[in-house]
Amino acid sequence: MVTMSASFQLEKIIFSRDGRRILGPITHSFSERGFTLVIGPNGAGKTSLLRLLHKLQEPDSGYISLPLGKNGVPQRQSFVFQVPILLHRSVFENAAYPLHLSRGSSAQVREETMHYLEMVGLNDNHGAMAEDLSGGQKQLLQLARALITRPKILILDEPTSNLDGRSTQTIEALLADQYRIDTRIIMTTQNVVQARRLASEVIFIHEGQIVESAEASAFFDKPLTPQASSFIQDGIVR
Amino acid sequence: MDDLWNGLARGTALVLSFDAYLYEIVLRSLKVTLSAVLIAALIAFPVGAWLAVSRFRGRRTAIAIMNSLMGLPPVTVGLMVYILFSRSGPFGVLELLFTPATMIIAQVIIITPIMASIAHQAIGDLYASYRDLLVSLTATRWQTVMVLIIDARRALLLAGLAGFGRAIGEVGAILIVGGNIDHYTRVLTTAIVLETSKGDFGLALGLGGILILLAVILNIIIHHITSSERTRTWSP
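These protein sequences, in sequence, are chains A and B. If you're matching positions, the first sequence starts at 1 in the working numbering and goes up one per residue. If you're matching positions, the second sequence starts at 239 in the working numbering and goes up one per residue.
Among the hints, erroneous ones may be present.
Said to hold, decoys possible - Pair by pair, the computed Cβ-Cβ distance ranges are:
1) A:Asp234 <-> B:Asn305: 51 to 57 Å
2) B:Leu268 <-> A:Asp18: 36 to 42 Å
3) A:Gln108 <-> B:Thr314: 55 to 61 Å
4) A:Gln108 <-> B:Ile303: 44 to 50 Å
Hints were generated in silico from the structure; no laboratory data involved. Idealized CB from N, CA, C, for every residue including glycine.
Let the hints inform the model, and build the full structure from the sequences given.
Okay, structure coming up:
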């Protein structure tokens, strides 16, 4: 059943892989706006949750309704993968690819692409092969490619998990900018400190269940469950 | 043994003297084979890509059939094409039997499964790494196939070379459908068969030498491509 709404709605979602249940049953309404950090230990189901929201995979049962825009069509989403997926092409070609798909190539596409590469600081590398970039640069390239379509919703799967402090800082600053222009951001992390820095809202997942979901300050100051409070303390769920 | 040495000497002389007859045959061989490779590529690459990205009932069967067609005996292909294009056959009205066109058709039938199979393998591997991104960007099926074909172009080039290697050295099918007509459908391999049966080993060896030379050049190209592939995962 499709319902009109401006946010993600999950209705009794169950998702399993190879007969093992990864997520669910989950029923949850995401808020319309905000910077949501999905946190939880390894294997809690964070990545699967994001992949379901982005329709990279389908749930076994249950229903997910996507946020609709004013015209009634689903709002534009972009996804940033934990392990960068880059085309075997140049940095420029990678960033421009979403525009090539929708608008072909033109002088304007070229200009826009360079603008986004400049935004993430990769304009000097635009001719290099994407494969030759460092880990941090690859992630920045993914971010440029995600932002170039001007998404209303940005979904990121542990975008800074393998990066050094400087790259992490750059990416966080770019995300903060996006949040400021009212892009809906949903992002996973294992890093509680990072979640504290960025989140307006936190969803805490453990063993495939949403254990807690609250406004960030409330969640960090007064977690309601013992699992959440031990995870906030030292990243371990007891 | 004398035959061999005499033949080699005559063959070398023919090659070095740019013998007109010899080069006419070589040129025709290349023309027929390159046309066949080009046409086969137009069929094989989209088919290989399609099989790699689509999930439909009977897909595994289709792949199994494609793989087993790699072993099609050329003589049988020749026979079938002969029957189809002979005067009483369904395509008899086209009057294509004993023309270079039927030779190209026979070769296309022989090499398309090989090229499609290599393409399927290479594109399947690439799709495994690109899939999530292409789904995320809501690329259409056509856009997906295109980006995979373009980015797998090195492997596809290898597929083309493999098809070329098989086609240029093939004799069974093209002898049947081409008829080895002088100045019209005679190519390297059919000429070698003829000259050998006539006992003219000089010309036969000259032609054979060129065939080997083509194979060596082909292998050098393949080696070059694959070794540059190894040192670098990809390059423009």
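Consistency of the hints with the structure:
1. A:Asp234 <-> B:Asn305: 51 to 57 Å: 54 Å, holds
2. B:Leu268 <-> A:Asp18: 36 to 42 Å: 52 Å Cβ-Cβ, so the 36 to 42 Å window is violated.
3. A:Gln108 <-> B:Thr314: 55 to 61 Å: Hint holds: Cβ distance 56 Å, inside 55 to 61 Å.
4. A:Gln108 <-> B:Ile303: 44 to 50 Å: 47 Å, holds
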